[in-house]
Structure formats: C-alpha cells, structure tokens
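Fit chains B, C and D to the supplied structure of chain A, relying on the hints for placement.
4 protein chains.
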Amino acid sequence: MEISNSLVRFSEHSTVTLVQQIGGDDTVLASMLVSTQAEASLAMLEEDAEGSEGRIRYLMKNRHGTPFEHNLFTFFIQAPIFVFREFHRHRIGWSYNEESGRYKQLEPHFWIPPMERPLAQEGKPGAYVMVPVDKQTYMTTIAILTDSYRYSYKRYENLLELGIAREVARACLPVAIFSSMYATCNARSLMAFLSLRTESERALFKSTPMKEIAEVADKIEQLFAEAFPITYKAFCDYGRVCP
Amino acid sequence: MEISNSLVRFSEHSTVTLVQQIGGDDTVLASMLVSTQAEASLAMLEEDAEGSEGRIRYLMKNRHGTPFEHNLFTFFIQAPIFVFREFHRHRIGWSYNEESGRYKQLEPHFWIPPMERPLAQEGKPGAYVMVPVDKQTYMTTIAILTDSYRYSYKRYENLLELGIAREVARACLPVAIFSSMYATCNARSLMAFLSLRTESERALFKSTPMKEIAEVADKIEQLFAEAFPITYKAFCDYGRVCP
Amino acid sequence: MEISNSLVRFSEHSTVTLVQQIGGDDTVLASMLVSTQAEASLAMLEEDAEGSEGRIRYLMKNRHGTPFEHNLFTFFIQAPIFVFREFHRHRIGWSYNEESGRYKQLEPHFWIPPMERPLAQEGKPGAYVMVPVDKQTYMTTIAILTDSYRYSYKRYENLLELGIAREVARACLPVAIFSSMYATCNARSLMAFLSLRTESERALFKSTPMKEIAEVADKIEQLFAEAFPITYKAFCDYGRVCP
Amino acid sequence: MEISNSLVRFSEHSTVTLVQQIGGDDTVLASMLVSTQAEASLAMLEEDAEGSEGRIRYLMKNRHGTPFEHNLFTFFIQAPIFVFREFHRHRIGWSYNEESGRYKQLEPHFWIPPMERPLAQEGKPGAYVMVPVDKQTYMTTIAILTDSYRYSYKRYENLLELGIAREVARACLPVAIFSSMYATCNARSLMAFLSLRTESERALFKSTPMKEIAEVADKIEQLFAEAFPITYKAFCDYGRVCP
Chain A
3 MEISNSLVRF SEHSTVTLVQ QIGGDDTVLA SMLVSTQAEA SLAMLEEDAE
53 GSEGRIRYLM KNRHGTPFEH NLFTFFIQAP IFVFREFHRH RIGWSYNEES
103 GRYKQLEPHF WIPPMERPLA QEGKPGAYVM VPVDKQTYMT TIAILTDSYR
153 YSYKRYENLL ELGIAREVAR ACLPVAIFSS MYATCNARSL MAFLSLRTES
203 ERALFKSTPM KEIAEVADKI EQLFAEAFPI TYKAFCDYGR VCP
Chain B
3 MEISNSLVRF SEHSTVTLVQ QIGGDDTVLA SMLVSTQAEA SLAMLEEDAE
53 GSEGRIRYLM KNRHGTPFEH NLFTFFIQAP IFVFREFHRH RIGWSYNEES
103 GRYKQLEPHF WIPPMERPLA QEGKPGAYVM VPVDKQTYMT TIAILTDSYR
153 YSYKRYENLL ELGIAREVAR ACLPVAIFSS MYATCNARSL MAFLSLRTES
203 ERALFKSTPM KEIAEVADKI EQLFAEAFPI TYKAFCDYGR VCP
Chain C
3 MEISNSLVRF SEHSTVTLVQ QIGGDDTVLA SMLVSTQAEA SLAMLEEDAE
53 GSEGRIRYLM KNRHGTPFEH NLFTFFIQAP IFVFREFHRH RIGWSYNEES
103 GRYKQLEPHF WIPPMERPLA QEGKPGAYVM VPVDKQTYMT TIAILTDSYR
153 YSYKRYENLL ELGIAREVAR ACLPVAIFSS MYATCNARSL MAFLSLRTES
203 ERALFKSTPM KEIAEVADKI EQLFAEAFPI TYKAFCDYGR VCP
Chain D
3 MEISNSLVRF SEHSTVTLVQ QIGGDDTVLA SMLVSTQAEA SLAMLEEDAE
53 GSEGRIRYLM KNRHGTPFEH NLFTFFIQAP IFVFREFHRH RIGWSYNEES
103 GRYKQLEPHF WIPPMERPLA QEGKPGAYVM VPVDKQTYMT TIAILTDSYR
153 YSYKRYENLL ELGIAREVAR ACLPVAIFSS MYATCNARSL MAFLSLRTES
203 ERALFKSTPM KEIAEVADKI EQLFAEAFPI TYKAFCDYGR VCP
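Residue numbers (our numbering), protein chains in the order written: chain A, 3 to 245; chain B, 3 to 245; chain C, 3 to 245; chain D, 3 to 245.
One chain only, chain A, in its complex shape (with noise of 0.2 Å):
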C-alpha cells in the first residue's frame, strides 16, 4: 500500500483570537447597583467606572459573583485535542463550537514541546514536579513524538483512500493534532477558569494546570485585563478567586 506525502506541520504554541466582546467594568457597576438603586443604575453605563474601583473591589472581596456575568468574549481558539480535553471539562457559563473529524479531514497539525518546557516529571499524583531534561532527551522526544505523529497521519490517510469515513479514520490519530473552536464565556466562568487553569504566586488556592492548558489560559487572561481593568485588578489582589 501506497503511503503518500502529507505537509506535516508542528507547533509548539496555542493561539487565541479575540472574536468579539461586549459589556467590562461598567456593566459590572451598573448590575450590581441595581440591588440599591433599581433604574437609576443605568447611569453608571455612560460614567467611568473608575471612580467606582472600591465598589468592584468590595464584589470580588465578598464573593458576590452575578454582576460579572452581564458581559461576554468570544475567543477563536486553536490548541491539541488534549488542551481541548481540559477545557471541554468547564460547563457552566461556557459554549463550544468546535472543528469536527467526522465532517472534515483534520489537516496534518500536530503539537511538539517547546524546548522550555520541563519534560520530566518527578513525585507522587497530587505533588508532581515537572523538571527540565537535557537538551538530548528533548531532541529525542521530539523525534519520537513527530515520528509517531507522521506515521499515524500516514495510516489516516491510507484510511481516507481506501474509502473508509472520516469518523472512523481518524480514530488512529493522535491527541497531539490540533483543533480549532469558538469558545464563548463571561467575566465569572473566565475567572473561574483562570483559577484552575494558570499558575500564579498570588493564588490563594494553588492550581497546577498542564503547562499547555495554562498557556491557553494565560493568553486569555491578558484578553480579560485589557477589557476588564478594575475587575482584573480586583481578582489578582484578592487571591484569584473567582466570585
């Protein structure tokens, strides 16, 4: 059987796109001012929210979490199947459109490890240590993992020309392959997220999310910060807890 010749791709890196965003610290104002001062709380929609910092401070302090759900982004994604994996796990507040294997041949785009990344793990389930390897063991990992990655793509393919259906072929394709989706959250759901998906000295609850997840959470984080300044100070200074 003939193997035929694909443009394999990797990449050691997610992205995240923003696609669209509406609502930031004002409609936080305005929703939580609604409990004292019913309609009036409109007019914090044309004020500037920051002379209202304390306010927004005081909701993340005490927990008080539904003003922060009037808002919304809508990030494009592309990452692993095991990022999405992760990610797929948070329900509540978040929506999913993803790239689908049986409706489309899934392109040849797989993940490898950036050389920064600990490789090796060291401890017991629940206290793991990752820990760099030398630059050797990392080449060779890499050569092992896109070997591998290459010869599934190939037995894939071999698959889709002997007539099998895409839902069935693709079975044989690795983790590593890269998908893409719309994902869609609000302020609450993405610092819920956040909480247990970044690392951070300043977390009062101590995650510690795979490297891979964390970097889509990161990139996501810098999306919330720009959109949400109040809030996102507030989230930081109170421990990262989401409300």
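Derived by calculation from the structure, the hints in this document are not laboratory data.
Among the clues, some could well be false.
When chains are identical, the list treats them as one kind, so a pair holds in a single copy or across two.
Claimed, not checked - With a Cα cut of at most 27 Å, we get these calculated DSS-like pairs of lysine-lysine:
| # | residue 1 | residue 2 |
| --- | --- | --- |
| 1 | K63 | K235 |
| 2 | K208 | K106 |
| 3 | K137 | K208 |
| 4 | K235 | K221 |
| 5 | K208 | K63 |
| 6 | K213 | K126 |
| 7 | K208 | K126 |
| 8 | K126 | K235 |
| 9 | K106 | K137 |
| 10 | K213 | K235 |
| 11 | K126 | K137 |
| 12 | K126 | K63 |
| 13 | K208 | K235 |
| 14 | K213 | K137 |
| 15 | K221 | K208 |
| 16 | K106 | K63 |
| 17 | K106 | K126 |
| 18 | K221 | K126 |
No experiment lies behind these values; they were computed from the predicted model shown.
This is chains B, C and D only, laid out in the frame that chain A set:
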C-alpha cells in the same frame, strides 16, 4: 399609629429595555462552519449572512443548538415580583441581578391588570381558559387590588418608621409590587424562554403562559427578531421549538 | 362586600424534610480515584470511606469540585416566598418544583419573626448590623404584620369570590406567605449554597445572609453533615469554601 | 532504542455499568403535584405510580421538564476518547470524573469497529449516509488501525522509558484509546442526551449520531427504561423529544 401618605403608582404594563447586544446571524454561521472549515469560518463574520439563510434553517430544523450561544443580550426589565418569580426559574444561560428589598426601600409601584386582560378562569388545572369579565367586575377588581396594595404599603411604612429592618418590613408587601433587574442571556436561552413563555398559533408545542410574563416575552421577542432576522424567521417557521 | 373569615396561620419557622438521598463520602472517593485507578476505583464503593479521609481533605483543600457531584439530595421545603426568591437564584446544580399560585388557592399561612430575631437594621448597605428591639416593638411589629397579612388574604378571598382567576387574585398576597417546593441538589451545589447562605465563624469568606434563609440553610447543613461526615468535616476545616 | 512489548487489547464495544440510581416515576409525580397539592404531594411517593400514567404523559406532551430532574443515575462508562469527546459536550445536568492521562499510564486498549459497522461515508456534510464495505476492506481497515495503535503505543512507552512525563508522552496516543469515567445525570438530562445521540424511527427530530456514541446511548436507554417505565414509554410515544 399614624399612617403616612405615599405617592402610590399603578402600572398595567412591564417594560423591557435593551441595555447591550452583541452577535447575530453571522456569529451563528461562523461558529457553525468551524466544524467543516476551521479557521476559514472566521471569514463569515465579514460577509453578509443573508446568503447563508439555508444553513441557519438547517441548524434550526435539526436542533443543532450550540451555534446560537455565541452572542449576548442584556435587558433591563421592570415587572411585578410574581413575573420575576416565573422568570427566575430559567436557570440555564440566564444571568440576573435584581433590586433588593433588603438593601433599599421598595417604591409603592404596583401592577394592575389592563382592561383587556381576561380575568376569570374556567376549567381544570392544565386546561384552563381565561375569559373576560364585565366592566363592573373589572372595576371592582381594580378597587380591591389597589386598596389591598395601599394597605400593605402603609403597613410597610409603619414598620420602617418603627425602625424595623427593610428585610423584615417588606414581608407584608404584595407580589404585585414592581421590581427591576438586569437579565442577560444568549439567543439559545432566549428561544427556550420564548418557547415556554409566549402563546402562538405557530408553536409546535403549545404553551399557556401567564399573560404578564407573555407580555415581557413578547417585548423580548421583538428585540430578538431585530438582532437575528434569519434565525428568528427560522425559529418561527420550524414551530418555535428551541434548538 | 362581605369579608369571609379564614383560618389564618402564622409560623416563625421554615421546615426542611429529606425526601431522598443517595451517594456519600464513598462516591466522592470512587469518582476521585477513577483518575488514577480507572475501573479499580469501583472497589471504593465497597470499602469503608473512613480510611481515606486524607484524600477527601486533599480534594477540599485544593478545590477539586467534581467528585462531590455524583450524589443527590431531594428536600421538601416549606418557607415564605421571600426566602424562595433568594433560594431560586441558585441556578447551577439545583432543580425546583414549587407550589403554584396559578393552579391552586394559596393557604393563609404566613411568616412572622420569632422573638429572638434581631429586627432593627443599623449601618450602610454592605455593612449592616441587625440589632434586637425591645419587647414592645416586637409585639407592635407582629401586630402590624399579621394585620396586614389578614387584610391582604381577605382581599384575595374577595377576588376569588368575585370569580377572578387565582393568578390575578394572588397579586395582593404578601411575600411572607408560605409556599412549598421540592429542591434537588448535589453535595457540591449544596456546599455552594451553604457558603453563601450561612453565617459562620469558620468561614474564610464571610457572608451575611438573611436570617430566614440561613435557618433553611442550617437545616440543610444538618442533613448534609449526616450523609457526608468526612466531606462535611473537611468543608468546615477548610473555611467553608465550596470546592 | 528498544521497543518494549505490551499486551495490546482491542475492543469493538463500549461498556456502561449502573453505579447507583434513585428516584423514578413516583418522584416525577410528587414533584409535579406539588404545584396543586403542596405537602399532600408527598403521599405520591408511597403510592403506585401506574395509576397516574396520564399525568406523566401530560408532562411529556406539554414539555414540562422540571419534574424529571429530581432523580439520579450514575454510570461507569468505558469507551474510546473520541466518544467521550462528544459525550462531554453535554454540559447541563451532567457531572463527569474521568481517568487521567496526566496521573496514570494509560492502558494499551483500543477501539476497533465491529464487522457490522458501516465504514464508508457517502454524501455531503449534514446529509451523510454510512454504507457497509466488503470483508476485504474491513480486514484492511482493522489491520491499518491496529498497526497504527500499536505503533503509537510503543512510542508512548519509549517516551516513558526515557523519563518523559506521562502528560507529554501521551500526546502521541490515538483518540481510539479507551478511557473510563463516572457520569452522573438526571432523567431530564438523560433524555436530552438520548434525543441527540440515538437514531430512532420514532424520533420527531431525526438525529444522525456517530455509531459509537449511539451504542453507549442505547445502553443508557435500557437502564433508563427499567428505572422509569412510565416516563420512558411517554418519551418514546411523544417523539423522543426531551421535555
């Protein structure tokens, strides 16, 4: 004990104000097409969605719901508590912040039925028909309701004057008192709401919502129809079933 | 117009009855251990969970929440509407079915504050303190509330006698009227509820819930403590933060 | 580099084991009847639900969904990752805990299609038909898949032997590898799952699920039918639409 005089207001109708909105037929298309086009789907956001009406109708007909989630509506709604009580049972894809009877004194603003509201109920649970009453009965109804509202509100004021906390004093206020809230949803959760809270000849599954929540739903429907013309038409054409 | 006499009841307390319950510390363990033991985790369901207290404490401390979801509590709760209004804002992991003011005539059963309930409010929004009142003020409060409830209920009966539909007539009923509902949750959504609706010295994040929902929460807490002794202890020891 | 020999297993089928279950047609009835009977609805839990078949059918027909939520199913499911990827898109009313590729070495256990599985795909996206292939093509498919799986797994072992962390080494493993999870739902979220993941002549809205998730769904359906005989019959009779 003195009973103070307050400026009591009566309203026959609820109000719905659109605070913010993002996303539309184009984001439905883009997120739908990620399944077969991956990154290329982003181009749909630049194009006119009209040429893709068939695709949106396909989603609606086959109940593929997730592409309708990448968008947002925030409404400011003023309605009596008995309407909000039904509204808040919509848990999924809805965010709420409401005026508080603990943190502010509630205004003496109450709902009364409009003349055209059928007031008498005939039939058994699950098979009610609401029928009109004569003008005299309508006038008596209004007289009884407004008298009761006034009485309750005066008692509320008595308690506040006595130094009793708002959260206790409000216990005597009627469910017809107006409240206000921010409510945020997406097109999918909005359609689920409409399918249960409107009454329509075109509905595949008939609903018999209370008139007062149907009034709010009708106003929301209007705003939805403007923001998602293709999706809205498909929703109506396929029996007003939430995808 | 005649005002009929109804047997009006006043209650100082809400009730919580456990209808059904399944799952416990053992299902927390089994579902936690699937991550490292796959099928072998099923054996945990046969074992005594006590020997694994450390594992459950680890989950709680590190806020791994999902293992606390594979279980169920169904409560039958009787409480005034103003309590249910707060209760129903818990959207995630909670299911509700409540008595209907549209489909049945509501009973003349109303809440009144017990003697020990601090009735006066001092301070500003976000920093209230509730303080006791003297006996005379308490008696006056009860007199005003019960008078108002009686008046409203008579007006409700007047409207029903006139042939007005229950859903319209109930508009004048106060938020202190008792209602009843089935509420179903899991240990995780239950802990989220407790973290916000109880007041405790041991809470890492202080809450100032209304006394009347705190009373319901305390009763739920009791039932939770019995069903999940290890989980409950860990919840308290780690600051009553929902994992 | 040595390539070690592992005992590789291939399975044609997924498994579903019922771990625990509570609630049934009687809790549907009790929670439904609270609307008209309040506390008296509790008596339904002592009675035979059969006499109330009409009421459950009424709920199903009119899509009153909440009474179907006061119950629980926990399943232990073993299936390939590409099935779990679809499964986890069911966010509402579902709880998951899955075997971890970060915390344990994954077993060399892979899915292969059974002989009767139509393997060839004809038609366009949204209108596929799966058709059978001849025996020779089937045998070639199995040969290619198992060869690819074996190759990937050996590469995985090579990386582990090199000291590379499991979470990195697993990147080359295929989506056909078996995983296991606890999945908890209620009858309503279960019916939503069935309506989308089974293929049935009786469905009002046709679905074309992937065969491998439909197999899991069929097994879940069986367990549901046993636990909720009246509800299940109504679900089928009214077009298998989730209420």
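Is it within a copy, between copies, both, or neither that the alpha carbon of K221 lies no farther than 27 Å from that of K126? neither (29 Å within a copy, 36 Å between copies)
Between the shortest in-copy and the shortest cross-copy C-alpha distance, which are at most 27 Å for K213 and K235: within, between, both, or neither? For K213 and K235, the Cα distance is within 27 Å only inside one copy (23 Å; across copies 33 Å).
Within, between, both or neither: K208, K235 at alpha-carbon 27 Å: both (18 Å within a copy, 21 Å between copies)
Can you give me the call for K213 and K126, within, between, both or neither, at a CA distance of at most 27 Å? Within one copy only: 18 Å inside a chain, 38 Å across chains, cut-off 27 Å.
Using 27 Å as the alpha-carbon threshold, which applies to K106 and K137: within, between, both, or neither? between (37 Å within a copy, 26 Å between copies)
For K63 vs K235, is the C-alpha pair at or below 27 Å within one copy, between two copies, both, or neither? Classified as both; 12 Å inside a copy, 25 Å across copies.
Should K208 paired with K106 be assigned to within, between, both, or neither, using CA atoms and 27 Å as the limit? between (40 Å within a copy, 21 Å between copies)
Homo-oligomer pair classification [K221, K235; C-alpha up to 27 Å]: Classified as within; 16 Å inside a copy, 38 Å across copies.
Go through the copies and call it for K137 and K208: within, between, both or neither, with a Cα cutoff of 27 Å. neither (30 Å within a copy, 51 Å between copies)
Is it within, between, both or neither when you check K126 against K137 at 27 Å Cα-Cα? within (25 Å within a copy, 48 Å between copies)
Between K106 and K126, at a C-alpha cutoff of 27 Å, which is it: within one copy, between copies, both, or neither? Result: close only across copies, 10 Å inter versus 40 Å intra.
With identical chains, the pair K221 and K208 could be close in the same copy or across copies; at 27 Å between alpha carbons, which is it: within, between, both, or neither? within (19 Å within a copy, 32 Å between copies)
When each numbered hint is compared with the structure, violations occur for hints 3, 18.
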